[in-house]
Amino acid sequence: MYFEFPVFLVILYSIGVRSNFTDLNADQRSLCPCGSNSSSIETRVVGGHAAGKGRFPYASCLIDSTWRTESPTPFCGATLITDSHVVTAAHCIKERSPEGILVDVGDYDFKDSQKPRLLQAKSIVRFPEYLSDRFHTDIAVIELEQSVQWESGVKAAWLPHPNLRLVAGTVVSVYGWGRLMYGGDRPRLLQSVELPVIENHICQKKFITHIESSMICAGGQKGQDACTGDSGSGLVVRLDNEFVLCGLVSFGRRCALPHVPGVYTRVSNYTEWIYENTLSSKCKPCIYNAQAPSATNSSPADANREPNSTSE
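Under mature numbering (1 follows the signal peptide of the UniProt record, and there is no 0), residues -19 to -1, 1 to 293 are what the sequence shown spells out, in order.
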């Protein structure tokens, strides 16, 4: 998995939301059903385990619409944020058209014949400043042809308030159907793993690519990480009794290398942009206005290598 965090109060972001966040009270749409279906939200990707049905009812994945096998393989992850939108990493769909993407929303058991049906992508909006060579502003919103039916426990994820900042050591969880190890097999069940947020300046020592304030770094323990196929999947932080989407799997170095964190797109930098690009939905996205708890810092060692995305 991959994400970042700033220690202490974070730097003002130069990319993403504007200073005055939209007043959602003026939006007459009802709130989308949001959050977890599980009363137990402790979590257990590489080094992780089955997430537990209902824990991440917004977990989704992207599938090539040309698949012709009995069991399609997702090429990236995504997260449901309204009845007709998912958010993912921009690099996942940089060379794809909406017609070539099917979205499996709110799934858990990827091979379950009773899984939610696949929905056709209608349109794709990438953040305007996205640069694929540097994973700069690596975020995109996909609109679906049809609205999701709020049944079988499917829900939307809580989005973070633009002011949300995480401190080093904060425990976050990443989920996905990516490979269980570098070059290894894919899981049938949605996997998740807990990781600590790492300071960006420590994370920078592991990468040639510039680690921007619009990114989060997390992980670094041997055997625990996001991996190939997890790109675009969500990174969440527990606030009060809810999981809030704080990151999107963006890039890393192979999978689960010791002392090498993963890098995530910081969602709070784009909350208002996401909101403005989901106005066509029947219900409005849920935005959680709370701060993450304090935590102590941990630090990994050095190394330099070019990053790898975690898409298939």
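No lab work stands behind these hints: they were computed from the structure. Because the structure is a prediction, the values reported are computed rather than measured. Take the hints with a grain of salt, since some may be wrong.
Unchecked claim - Label-pair restraints from in silico Cβ distances:
1. Lys263 <-> Lys186: 45 to 55 Å
2. Ser113 <-> Pro79: 12 to 22 Å
3. Asn270 <-> Thr54: 34 to 44 Å
4. Gly35 <-> Asp114: 21 to 31 Å
5. Leu260 <-> Gly81: 21 to 31 Å
6. Asn144 <-> Thr47: 18 to 28 Å
7. Trp48 <-> Gln127: 17 to 27 Å
Claimed, not checked - Straight-line alpha carbon distances no greater than 27 Å define the calculated DSSO-like cross-link-like pairs of lysine-lysine that follow:
8. Lys186 <-> Lys136
9. Lys263 <-> Lys136
10. Lys34 <-> Lys186
11. Lys103 <-> Lys263
12. Lys34 <-> Lys136
13. Lys103 <-> Lys265
14. Lys186 <-> Lys265
15. Lys75 <-> Lys34
Backbone N, C-alpha and C fix where the C-beta goes; we use that ideal spot for every residue, glycine too.
Taking the hints in turn, this is what the structure says about them:
1. Lys263 <-> Lys186: 45 to 55 Å: Taking Cβ atoms as reference, Lys263 and Lys186 lie about 46 Å apart, which means the hint holds.
2. Ser113 <-> Pro79: 12 to 22 Å: holds, 18 Å
3. Asn270 <-> Thr54: 34 to 44 Å: For Asn270 and Thr54 the Cβ distance comes to about 38 Å; the hint holds.
4. Gly35 <-> Asp114: 21 to 31 Å: violated, 39 Å
5. Leu260 <-> Gly81: 21 to 31 Å: Given range 21 to 31 Å: holds, Cβ gap about 25 Å.
6. Asn144 <-> Thr47: 18 to 28 Å: 42 Å Cβ-Cβ, so the 18 to 28 Å window is violated.
7. Trp48 <-> Gln127: 17 to 27 Å: holds, 19 Å
8. Lys186 <-> Lys136: violated, 38 Å
9. Lys263 <-> Lys136: With a Cα-Cα distance of about 14 Å, the restraint between Lys263 and Lys136 holds, given a limit of 27 Å.
10. Lys34 <-> Lys186: Distance ~37 Å between Lys34 and Lys186 Cα, so the pair is violated.
11. Lys103 <-> Lys263: holds, 15 Å
12. Lys34 <-> Lys136: holds, 12 Å
13. Lys103 <-> Lys265: This hinted pair holds, its Cα atoms lying about 18 Å apart.
14. Lys186 <-> Lys265: Judged against 27 Å, a Cα distance of about 40 Å means the pair is violated.
15. Lys75 <-> Lys34: Status violated; Cα separation ~31 Å.
Figure legend: structure checked against the earlier numbered hints; hints not met, in rising order: 4, 6, 8, 10, 14, 15.
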